[in-house]
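Here are the chains, one letter per residue:
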Amino acid sequence: DTAVSQTPKYLVTQMGNDKSIKCEQNLGHDTMYWYKQDSKKFLKIMFSYNNKELIINETVPNRFSPKSPDKAHLNLHINSLELGDSAVYFCASSQVPDTAYNEQFFGPGTRLTVL
Amino acid sequence: DAKTTQPNSMESNEEEPVHLPCNHSTISGTDYIHWYRQLPSQGPEYVIHGLTSNVNNRMASLAIAEDRKSSTLILHRATLRDAAVYYCILRRYSNDYKLSFGAGTTVTVRA
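Protein chains in written order, with the numbering used here: chain G, 7 to 121; chain D, 170 to 280.
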C-alpha cells in the first residue's frame, strides 16, 4: 500500500493552461503539504493544510490554489501555467500535532513540464 | 529558521561506514535535529532525529555534539541503495509545520 500517492507522475502542458495535481494519503494524518523542487534541486514548502484548513502559504503566486476536499486529500490546482512553474511537486503528510519531532511522509513527486 | 551547513558531497565504498557532518552553530534549545534523504527520482524520506542524546534506528545513528552545535549522521555499512542526497534540518518546537531543506550532501557509494 502506498502511503502518500500523487497523480499524475508526469505532466507536460503548454503555457497558459490550467492543470491539477492530486494527492492522497492513507496514513490517517491530519496535516498535508505541497513542496516544490526546482531545477537546482532546492525543496521549498508551498502550502500546509491541517484538517482541511490552510496553515502555511509561503508567498506562492495566487495562480496556485490548494484544495482539500477531506483530510486524506490535498490537490494542487495551477492556473495560467508559466515556464517557471516547471518543477517536481511533492505532496507530504504528517500526524497531528505536527511537532518538531514528527516525521513527514512524502509522495513520489509529480514532474511538471511547461512548454 | 536556524541554519545548517553540510558538505556538498561525500564518497564512500560499499559496506564501509559513512559519517555525514552537519554544523548548526545557531541552534536553539528547542530545535530538534532531523535528517532526511532523497534517493534519485524519489521523494524525501525520514531517516532519524534527535534533540540532545545520540539516537539509533534501523537506518542510521545520529551523534550529537555536547554543545549541540554540530551533529553527525552515521550510516554503518553503506550500500548502493544509500546513494542519495542527505539533508540535515532543524525543527523548532512550535507549530512550525514546515521542513526547511538546504542543499544537502550528495552521497556516492562505490561498489
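Treat the hints as calculated values from the structure; they're not laboratory data. Treat each hint with caution, since some may be false.
Here are some chain D residues the structure puts well away from chain G; computed CB gaps all over 12 angstroms [what the hints assert, rightly or not]:
1. K172
2. E183
3. T195
4. H218
Straight-line alpha carbon distances no greater than 27 angstroms define the calculated DSS-like cross-link-like pairs of lysine-lysine that follow [what the hints assert, rightly or not]:
5. K238/D / K77/G
6. K47/G / K15/G
7. K77/G / K42/G
8. K50/G / K73/G
9. K15/G / K25/G
10. K77/G / K46/G
11. K28/G / K58/G
12. K172/D / K42/G
13. K77/G / K172/D
14. K77/G / K15/G
15. K58/G / K15/G
16. K172/D / K50/G
17. K25/G / K47/G
18. K15/G / K172/D
19. K47/G / K28/G
Note that CB positions come from ideal geometry on N, CA and C, so glycine has one too.
Hint-by-hint comparison with the structure:
no. : hint           : result
1   : K172           : 14 angstroms, holds
2   : E183           : 24 angstroms, holds
3   : T195           : 16 angstroms, holds
4   : H218           : 6 angstroms, violated
5   : K238/D / K77/G : 38 angstroms, violated
6   : K47/G / K15/G  : 17 angstroms, holds
7   : K77/G / K42/G  : 21 angstroms, holds
8   : K50/G / K73/G  : 19 angstroms, holds
9   : K15/G / K25/G  : 13 angstroms, holds
10  : K77/G / K46/G  : 31 angstroms, violated
11  : K28/G / K58/G  : 15 angstroms, holds
12  : K172/D / K42/G : 20 angstroms, holds
13  : K77/G / K172/D : 32 angstroms, violated
14  : K77/G / K15/G  : 21 angstroms, holds
15  : K58/G / K15/G  : 24 angstroms, holds
16  : K172/D / K50/G : 15 angstroms, holds
17  : K25/G / K47/G  : 22 angstroms, holds
18  : K15/G / K172/D : 32 angstroms, violated
19  : K47/G / K28/G  : 22 angstroms, holds
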